[in-house]
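Between the sequences and the hints, there should be enough to build the whole structure, so can you do that?
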Amino acid sequence: MADKRTTVDDIVGELESGMTIGIGGWGSRRKPMSFIRALCRSDLTDLTVVAYGGPDVGLLCATGKVRKVVCGFVTLDSIALDPHWRAARQHGQVEVMEVDEGMFFQGLQAAAWRVPFLPTRAGLGSDVLRINPDLKLVRSPYGADSPYLRDEADADVELVAMPALHLDAAVVHTNRADTAGNGQILSPDAFFDPLFLGAADRRFVTTEKVVANGALVDEGPLSGVVIHRLLTDGVAEAPGGAHFTANPPDYGRDEAFQKEYAAAAGDAAEWEAFAQRYVFVGDDEYRAHVDERVAS
Amino acid sequence: MSDSPEFGCTRAESCVIACAEVWRDAGEVMVSPFGTIPALGARLAKLTFSPDLVLTDGEAALMVGAPPISAKPAELVREAAMPYRTVFDVVWSGRRNMMMMASQIDRTGNQNISAIGNHAQPKVQLVGVRGAPGNSVNHPTSYWVPDHTVRTFVEQVDVVSGVGYERAAAAGPGATRFHDIQRVVSNLGVFDFETEGRTMRLRSFHPGVSVDDIVAATSFALVIPDDAAETRLPTPEELDLLRTVLDPKALRDREIKS
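Protein chains in written order, with numbering that gives the first Met the number 0: chain A, 0 to 295; chain B, 0 to 257.
Keep in mind that the hints were calculated from the coordinates and are not lab data.
Glycine included, C-beta positions come from ideal geometry on N, C-alpha and C.
A couple of the hints might just be wrong.
Stated by the list, open to error - Examples of chain B residues lying across from chain A (beta carbon under 8 Å, computed):
no. : residue
1   : F33
2   : G57
3   : E58
4   : A79
5   : P82
6   : R84
7   : P121
8   : V128
9   : R129
10  : G130
11  : P132
12  : Q155
13  : V162
14  : R166
15  : A174
What the hints assert, rightly or not - If you want the ones that stay clear, here's a sample from chain A, every Cβ over 12 Å from chain B, calculated:
no. : residue
16  : G17
17  : R85
18  : A87
19  : H227
20  : L229
21  : E236
22  : A262
Here it is, written out as structure tokens:
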């Protein structure tokens with residue numbers, strides 16, 4: 000059996016400028032931040048980022064990696080908006096494909112199921128269709144004479160055809176994984192991580208801890224292994240790799256750190272100092288700086 | 000805010016009652032309130048006249064009962080898992096009755112939480128459309144606006160996130176079949192769309208607020224019925240539940256300015 004272990008830097012090494020990259024997690028929860036920092040350190044640029052957005056989107060905007068973001072929101076949860084995202088948008092520095100968060104889910108699902116679109120009511124009547132003029136409607140082929148029609152309001156009904164959101168690569172962060180590429184989520188919500196991987200050509204899991212194949216049952220229930228190895232190409236161990244976002248039961252959100260991250264965005268010199276200390280550094284140095292910060 | 004002896008309750012408490020009333024007779028549906036006051040309203044409704052309401056823990060589970068608003072996660076009793084993947088199943092099944100916030104709301108019930116100004120390069124970037132487009136065409140939806148001004152109650156919102164009546168009708172049966180914008184609750188009053196033209200109507204004004212106050216804080220022409228009444232006062236039982244059980248730390252007072 001293939002040993003899929005790799006490193007965060009090697010994952011970045013497999014990516015290219017201009018790619019469309021899906022990031023797992025939701026808001027400021029279980030984001031693959033170790034990978035995001037590695038991406039910020041790289042010379043990649045012009046990326047399209049597809050995410051239930053949090054500080055992953057903010058950091059990539061702040062470091063000039065992003066051409067376009069596909070999202071339904073960008074939030075830090077306990078802080079309503081990521082300030083870097085706000086600044087990038089208000090200065091017109093990034094394109095956005097903003098859709099309903101359920102449409103987003105259907106786009107990933109369509110890609111994972113290899114169909115060109117999935118129909119939905121979500122988006123009808125809203126400005127999501129105005130601000131994304133390439134989005135199309137689809138008319139149901141089931142009319143009033145169809146034996147399958149349940150309600151006449153749905154005869155020939157027009158719905159949004161949410162297009163498949165194909166990803167060149169996707170990266171998610173789990174609580175545990177094994178060497179074969181199975182990923183285990185011990186926190187209460189898997190979000191859409193399996194779907195991000197399903198929608199992608201190159202699929203990577205970063206994780207708190209890699210165990211031997213077959214040993215995930217010792218870490219938690221098998222029902223939490225929602226990422227099976229058919230969905231993964233590489234697994235990188237990155238302890239603390241979701242910091243400062245929430246990753247229970249391993250750790251909660253580092254609210255004090257998140258506040259500092261958000262506050263630093265307000266001033267160019269402050270942000271430069273923050274980035275030198277907490278963004279453009281490897282994981283060991285990052286952890287040392289975070290520990291020093293707590294100690295001081 | 001201190002007690003107003005004149006009415007026996009504070010403005011925040013009137014707002015909680017107005018929110019609770021949104022879920023009267025709602026039945027066994029998932030309530031997902033955004034904001035402290037809607038969350039209190041949902042809990043109060045569940046403890047009194049709408050016991051079948053299904054509340055979430057704000058994370059990924061349904062919770063038993065209606066615990067105090069400041070209860071810590073470890074103190075909650077959970078009854079079922081409700082991860083986001085499952086939330087969409089509930090949204091699209093219609094078994095939900097939601098109250099979202101609105102940065103802008105307009106005459107026909109469009110809501111904006113996406114951006115102020117031109118969407119391509121906003122003057123002010125907001126959180127994003129989130130689930131508002133899908134919520135508003137799939138299940139009953141109401142809105143909570145803690146700062147009712149001419150900047151929040153506008154003639155036409157900048158980016159239609161939650162869909163109002165006129166836009167839903169224009170989009171056709173796919174949008175209208177389950178569309179139901181029920182109420183808008185603000186710090187000044189309660190509004191609905193139960194008019195012939197499905198435009199916003201004053202339903203009640205909170206104690207201490209005049210119709211003129213509301214008209215002056217609204218950018219468009221509200222329908223003002225002759226029988227517009229004061230928002231009902233809390234019962235002594237409701238007030239006691241609110242003050243001693245659900246919100247003894249008065250977090251409700253932090254959400255509104257007046």
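Consistency of the hints with the structure:
With a least beta-carbon distance of about 11 Å to chain A, the hint placing F33(B) at the interface is violated under the 8 Å criterion. About 10 Å separates the beta-carbon of G57(B) from the nearest beta-carbon of chain A, more than 8 Å, and the hint is not met. Nearest Cβ of chain A to the Cβ of E58(B): about 6 Å, under the 8 Å cut. The hint holds. At its closest, the beta carbon of A79(B) sits 11 Å from a beta carbon of chain A; the interface hint therefore is violated under the 8 Å criterion.
The criterion of a C-beta within 8 Å of any C-beta in chain A is met by P82(B), whose closest approach is roughly 4 Å, and the hint holds. About 7 Å separates the beta-carbon of R84(B) from the nearest beta-carbon of chain A, less than 8 Å, and the hint is met. Hint status for P121(B) relative to chain A: holds, with the closest Cβ pair at about 6 Å, below 8 Å. For V128(B), the shortest C-beta to C-beta distance to chain A is roughly 6 Å, which falls under 8 Å, so the interface hint holds.
For R129(B), the suggested interface contact is upheld, since its CB lies about 5 Å from the closest CB of chain A, less than 8 Å. Taking 8 Å as the C-beta cut-off, the interface hint given for G130(B) holds, the closest approach to chain A being about 5 Å. Taking 8 Å as the C-beta contact cut-off toward chain A, the hint placing P132(B) at the interface holds, the least distance being around 4 Å. Hint on Q155(B) is violated. Least Cβ distance to chain A is approximately 11 Å, over the 8 Å limit.
Because the closest C-beta pair between V162(B) and chain A is about 4 Å apart, less than 8 Å, the hint holds. For R166(B), the interface hint holds, since its Cβ comes within 8 Å of a Cβ in chain A; the closest pair sits about 4 Å apart. At a threshold of 8 Å, the smallest CB-CB gap from A174(B) to chain A is about 4 Å, leaving the interface hint in force. Under the 12 Å C-beta cut-off, the non-interface status given to G17(A) relative to chain B holds; the minimum distance is some 22 Å.
The claim that R85(A) is not at the interface with chain B is violated, since a C-beta of that chain comes within 12 Å of its own (minimum 4 Å). Remark: the non-interface label on A87(A) conflicts with the geometry, its nearest Cβ contact in chain B lying 9 Å away (cut-off 12 Å). The non-interface label for H227(A) is consistent with chain B: the shortest C-beta to C-beta separation is roughly 16 Å, beyond 12 Å. No beta-carbon of chain B comes within 12 Å of the beta-carbon of L229(A); the shortest separation is about 19 Å.
Every CB of chain B is more than 12 Å from the CB of E236(A) (nearest about 25 Å), matching its label as outside the interface. Look at A262(A): its CB is around 18 Å from the nearest CB on chain B, clear of 12 Å, so calling it non-interface holds up.
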